[in-house]
Amino acid sequence: MATKISRVALAKRLAADIPEGAYVNLGIGAPTLVADHIPEGRQIILHTENGMLGMGEAPEADQVDPDLINAGKQAVTAQPGAAFFHHADSFGMMRGGHLDVCVLGAFEVSQAGDLANWSTGAPGAIPAIGGAMDLAIGAKDVYVMTDLLTKDGQPKLVAECSYPLTGVRCVSRVYTDHAIFQVTPEGFAVTERFGDTTHAELESLTGLTLIDATGAAA
Amino acid sequence: MATKISRVALAKRLAADIPEGAYVNLGIGAPTLVADHIPEGRQIILHTENGMLGMGEAPEADQVDPDLINAGKQAVTAQPGAAFFHHADSFGMMRGGHLDVCVLGAFEVSQAGDLANWSTGAPGAIPAIGGAMDLAIGAKDVYVMTDLLTKDGQPKLVAECSYPLTGVRCVSRVYTDHAIFQVTPEGFAVTERFGDTTHAELESLTGLTLIDATGAAA
Amino acid sequence: MIDKVVPDIATALSGIGDGSCIMIGGFGRAGQPVDLIDALIDSGVGDLTIVNNNAGNGDVGLARLIGLGRVRKIICSFPRQSDSWHFDEKYRAGQIELEIVPQGNLAERIRAAGAGIGAFFTPTGVGTEIAAGKEQRTIDGKEYILEYPIHADFALIQAFRGDQLGNLVYRRTARNFGPIMATAAKVTIAQVDEVVEVGALDPEAIVTPGLFVDRVVPVGYRPWLDETGAFIGGVDVNGEPLTTEGEDA
Amino acid sequence: MIDKVVPDIATALSGIGDGSCIMIGGFGRAGQPVDLIDALIDSGVGDLTIVNNNAGNGDVGLARLIGLGRVRKIICSFPRQSDSWHFDEKYRAGQIELEIVPQGNLAERIRAAGAGIGAFFTPTGVGTEIAAGKEQRTIDGKEYILEYPIHADFALIQAFRGDQLGNLVYRRTARNFGPIMATAAKVTIAQVDEVVEVGALDPEAIVTPGLFVDRVVPVGYRPWLDETGAFIGGVDVNGEPLTTEGEDA
Chain A
1 MATKISRVAL AKRLAADIPE GAYVNLGIGA PTLVADHIPE GRQIILHTEN
51 GMLGMGEAPE ADQVDPDLIN AGKQAVTAQP GAAFFHHADS FGMMRGGHLD
101 VCVLGAFEVS QAGDLANWST GAPGAIPAIG GAMDLAIGAK DVYVMTDLLT
151 KDGQPKLVAE CSYPLTGVRC VSRVYTDHAI FQVTPEGFAV TERFGDTTHA
201 ELESLTGLTL IDATGAAA
Chain B
219 MATKISRVAL AKRLAADIPE GAYVNLGIGA PTLVADHIPE GRQIILHTEN
269 GMLGMGEAPE ADQVDPDLIN AGKQAVTAQP GAAFFHHADS FGMMRGGHLD
319 VCVLGAFEVS QAGDLANWST GAPGAIPAIG GAMDLAIGAK DVYVMTDLLT
369 KDGQPKLVAE CSYPLTGVRC VSRVYTDHAI FQVTPEGFAV TERFGDTTHA
419 ELESLTGLTL IDATGAAA
Chain C
437 MIDKVVPDIA TALSGIGDGS CIMIGGFGRA GQPVDLIDAL IDSGVGDLTI
487 VNNNAGNGDV GLARLIGLGR VRKIICSFPR QSDSWHFDEK YRAGQIELEI
537 VPQGNLAERI RAAGAGIGAF FTPTGVGTEI AAGKEQRTID GKEYILEYPI
587 HADFALIQAF RGDQLGNLVY RRTARNFGPI MATAAKVTIA QVDEVVEVGA
637 LDPEAIVTPG LFVDRVVPVG YRPWLDETGA FIGGVDVNGE PLTTEGEDA
Chain D
686 MIDKVVPDIA TALSGIGDGS CIMIGGFGRA GQPVDLIDAL IDSGVGDLTI
736 VNNNAGNGDV GLARLIGLGR VRKIICSFPR QSDSWHFDEK YRAGQIELEI
786 VPQGNLAERI RAAGAGIGAF FTPTGVGTEI AAGKEQRTID GKEYILEYPI
836 HADFALIQAF RGDQLGNLVY RRTARNFGPI MATAAKVTIA QVDEVVEVGA
886 LDPEAIVTPG LFVDRVVPVG YRPWLDETGA FIGGVDVNGE PLTTEGEDA
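Chains as they are written, first to last, in our numbering: chain A, 1 to 218; chain B, 219 to 436; chain C, 437 to 685; chain D, 686 to 934.
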C-alpha cells in the first residue's frame with residue numbers, strides 16, 4: 001500500500017470536511033481542485049476576492065467573459081444567487097471573519113500555525129504578495145493543502161518557518177498527501193494518516209514531535 | 219431702510235453663492251430653505267446624509283413614502299439620476315471632502331471658525347449629536363446660516379464659543395440677517411452688509427473687531 | 437440546500453437572551469424592523485445593549501423596549517427627540533447607560549467591526565466633548581481621534597426583498613444602517629417584505645450578500661406598497677394611514 | 686446643466702502632467718481602462734506614481750508605460766508575473782520604486798482616502814516583512830499594524846455605463862478597484878461603454894454616485910458585448926478574439 005495519496009484524492013478528502021452552507025475561498029493552484037470534489041448534494045458558496053460570492057465552474061471556451069474571472073485571473077461563471085462587490089468590500093468580508101474556510105498552498109507551515117507561502121526570500125527576487133496575506137487571516141479556518149515534502153524531500157511542516165511569513169498563527173489544519181495535521185497549542189496533532197503511513201514515519205519525515213490524535217473522536 | 223433682511227431673503231442670498239453643479243448638504247431647519255431659492259437654471263445636487271444624492275422637494279401628501287426621507291425625517295422625493303447608499307458610504311462622502319457645501323445653523327461661531335450648534339450645555343440636558351459633528355467637517359466649505367443675534371439680543375459671532383463645540387476651525391462663512399462674514403486667519407471679515415447696517419453697528423452688536431472687506435473684489 | 441428563510445418571527449429571534457448586544461436598523465420609520473422589534477419585546481429578554489441611531493419615539497418599538505426597562509445601555513447618535521419620553525425618563529433616573537456617538541462615527545465603527553478593522557482615526561469630533569479621553573493624533577497636518585469598532589451579538593434589520601441564500605436588497609433611504617449592521621453582528625436577522633427565488637435578485641444590485649445574513653423572515657409588503665411591491669402611498673411619513681378630512685371633521 | 690461627459694479621450698485626460706499620482710483600475714483584463722491608459726502613454730507624461738494591483742503584463746498598457754520609463758514609482762500588490770518583464774527590468778535596474786502592499790490593505794487604504802479616515806489598524810501583514818517599521822498595537826487581544834490612506838491626483842477607471850451626472854455601474858468582476866479609486870482621487874476619469882440618459886440607471890443599483898466622478902468618456906461596447914451591451918463572447922480571458930482551429934492549422 002502507498003504511503004501517500006494523490007492530489008485529487010487529497011482534494012476529495014479536504015472537500016469532505018467542508019460543511020454544508022460554508023463560505024469558502026480556494027486559493028490559486030491546487031486548492032481550486034477542491035471545488036470539483038464537494039460531495040454530491042452539499043452546497044457551498046465560493047468567494048473570489050476580486051469581487052464575487054457564488055463563483056461557478058469554468059465556462060465553455062466561447063462563453064469566456066473577461067469581466068467574470070477569479071483571483072487567478074481565470075474565466076469562471078456566476079451561480080444563481082451570486083453577488084458582485086468591489087475590492088474594499090470583498091477584502092472586508094475576509095478580514096472581518098465572515099468566510100468559514102480558506103484553503104491555501106504553502107511553502108512552510110510552522111508548529112505554531114505560521115504560514116509562509118508568498119516568497120522564498122531568494123536574493124534579488126521581485127516580491128509579489130497579492131491577496132496572500134489577506135487570505136492567511138481571511139477565514140474562521142485556514143486550511144493548507146500541500147504535499148508534505150518539497151520536490152527536494154524537505155518537510156513543509158517545520159518547527160519555525162525559514163521563508164518570509166505570510167501570516168502568524170493563522171493556519172488551523174494542514175492537509176498533506178501523507179496525513180492531516182491539526183495545529184494545536186502543543187504542536188501538530190495527526191488526526192488522520194493516509195495509506196500505510198505510520199506515526200513514526202511522519203515524525204521522521206518532519207523531524208518534529210507529533211501528537212497522535214488519530215484515535216480521537218472525529 | 220431696515221438693518222436686516224428676512225430669513226427668505228437670506229436663503230436667496232446664500233443660494234446665489236452656490237455654484238452650478240455643486241454637491242450640497244442642507245442641515246435641518248432654516249438651511250433647508252436654501253433649496254427653494256436656487257437661481258433659475260442652476261443645477262445643484264442635494265445630499266442627505268441618511269443615504270441619498272439627488273434629493274428633490276417634498277411630495278404631495280398622498281405620495282409620501284416613509285422609505286424616502288431626509289435627515290430631518292421629512293418626506294422628500296428623488297430626482298432623476300438620484301442614487302441611494304448606506305450610512306457608512308454616506309458619511310464617508312462627507313468625511314472624505316466630496317461635498318462642496320454644507321449649510322448649517324448655529325448657536326455660536328467663533329472668530330477661528332469654531333462651531334457650536336448641538337448643545338447649549340444646560341445642566342441635565344440630554345445630549346443629542348446626530349450628524350452635526352460630521353456635517354461640521356463634511357464639506358469643502360461649511361456655511362452657517364443664522365440670525366446675527368439670539369432672541370435675547372446676544373451675538374452668535376463670538377471671540378470664543380461658550381457652548382460645547384460641534385467642530386473646530388470648520389466654518390468658512392457665516393450668512394446672517396445683518397451681513398455676510400468670511401472666517402479669515404485674522405478674524406471675521408465682513409464681505410457684504412445688508413440694508414443700512416454699518417460696519418460700526420456690526421462691531422457694536424458683536425463686540426468684535428471686524429475686517430471691512432466689503433470693498434474687496436467678489 | 438442552503439435555506440436561511442425561517443417560518444416565523446419567533447424562530448427568527450431564537451437564541452436572543454438576556455444581556456445580548458443587539459443592533460437595530462432604521463432611521464426614522466425607514467428601515468425599522470418593526471415586526472422584529474415587537475417580537476423582541478414580546479420575548480421578554482432584558483439587560484440588553486442596543487445600538488441604534490436614536491433611542492425610540494412615542495410608546496412603541498424601541499421606546500417601549502426602553503420603557504419596559506429591558507435596555508441596560510444604548511449606543512446611539514441622537515437620543516433626545518420631542519417624543520423620546522421613555523428614554524428621557526430612564527436616563528434622568530439613571531436607569532439606562534448612554535454612549536453617544538456622532539452619526540458618521542457610529543456608522544464607521546459598525547462598518548469597522550464588519551470589516552475587521554481594529555480601530556481608525558476619524559476627524560469627526562476633534563476638539564469636542566466626545567473627544568474627551570480619546571487618543572488624538574495629527575496625521576498629515578490634520579487632527580483625528582481614534583475610534584474602535586462596535587460589534588454586536590445580533591443585528592435586527594429590515595430589507596425589501598431577500599432570497600434563501602440571505603441576499604438582500606433595500607428600498608430607497610430605508611437602506612441606511614441595514615447593510616453595515618448586517619456585517620457587524622454574530623447573527624444577522626432580516627425581516628423582508630417578500631422572499632424571492634434564488635437568482636431573481638440582480639447580482640449587480642444585491643446590497644447585502646447572503647454571507648452576512650443568518651435568518652430571513654418574510655412579513656409581507658409594507659402598507660404603502662401593493663402586493664407586487666409597487667408604491668401606492670396613502671400614508672404619512674411614519675407609515676400611518678392618512679386620515680381623510682371627513683374623518684377629522 | 687451638469688454634464689460630465691467629454692467628447693474624446695484626449696479631453697478626458699487634460700490636466701495630467703509630469704509627476705502626477707495616478708490610480709489605474711482593473712484586475713486582469715477586467716476593469717482595465719485600456720483606452721485611457723493608451724492615451725496616457727500617447728500624452729507623453731512621465732515621472733508618474735501609479736497605483737494598480739499589478740505592474741503591467743506583456744508589452745501593452747501599463748507594462749508599456751513602465752517600459753517607456755514614464756513611471757517613477759508603483760504602489761501595487763503583485764508586480765511579479767510571468768509576463769511582467771518591463772517592470773522586472775526597470776526594477777532590477779533600480780529605475781522604478783516599488784511600494785508593495787497586500788491586496789486587501791491596498792483596497793482599504795484607497796477606501797480610507799476616499800472616506801476621510803486618517804489611518805487604520807489592520808491585522809493583515811502582522812508578523813511579516815511588510816510590518817517592518819510600522820506601528821503595531823494589540824487591540825482586544827489581537828495584533829494589528831497601522832496603515833495610512835493612499836490619495837491620488839487622478840483615477841482612471843473603466844465602468845460599464847454612465848450618465849451625464851457621472852453615475853456609474855460596472856460589469857461583474859470588472860467592478861474591482863473602480864468604485865474605491867473613484868473616491869480617492871482629486872479627479873476621477875471614467876471610460877464607459879455607453880452613456881445613458883440621466884434617470885436610466887436604477888438609483889438602487891448605482892455603484893459609484895456621480896459625486897465621485899469628474900469626467901465620463903464613452904468608448905463603445907467592449908468586444909465581447911454586442912451593441913446593446915449583451916454578452917456575445919467569442920474572446921479569450923484577455924479579451925482577444927478566439928482563433929479558430931482552422932486558422933491555427
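Please note that the accuracy of each hint is not assured.
[As the list claims (entries may be wrong)] Calculated cross-link-like contacts (lysine-lysine; reagent style DSBU-like; alpha-carbon spacing at most 30 Å):
id, chain 1, residue 1, chain 2, residue 2
1, C, Lys578, D, Lys775
2, D, Lys819, C, Lys570
3, D, Lys827, C, Lys509
4, A, Lys140, D, Lys758
[As the list claims (entries may be wrong)] Partial pick of chain A residues on the chain C-facing surface, computed with a CB cut under 10 Å:
id, residue
5, Ala16
6, Ile45
7, Phe85
Derived from the structure by calculation, the hints contain no laboratory data. Using N, Cα and C, we set each Cβ at its ideal position, and we do this for glycine too.
Hint check results:
Of the pairs offered as hints, the one joining Lys578 of chain C and Lys775 of chain D is violated, with about 36 Å between alpha carbons and a cut-off of 30 Å exceeded. Between Lys819 of chain D and Lys570 of chain C the alpha-carbon distance is near 21 Å, which keeps this suggested pair within the 30 Å criterion. The hinted pair formed by Lys827 of chain D and Lys509 of chain C meets the criterion: a straight-line CA distance of about 26 Å does not exceed 30 Å. Taking the CA atoms of Lys140 of chain A and Lys758 of chain D, the gap is near 36 Å; set against the 30 Å cutoff, the hint is violated.
Against a cut-off of 10 Å between C-beta atoms, the interface hint on Ala16 of chain A is violated, since the closest Cβ of chain C lies about 18 Å away. The criterion of a C-beta within 10 Å of any C-beta in chain C is met by Ile45 of chain A, whose closest approach is roughly 7 Å, and the hint holds. Annotation: Phe85 of chain A was flagged as interfacial toward chain C, and the flag holds, the nearest CB pair being 7 Å apart, inside 10 Å.
Going through the hint list in order, the structure does not satisfy hints 1, 4, 5.
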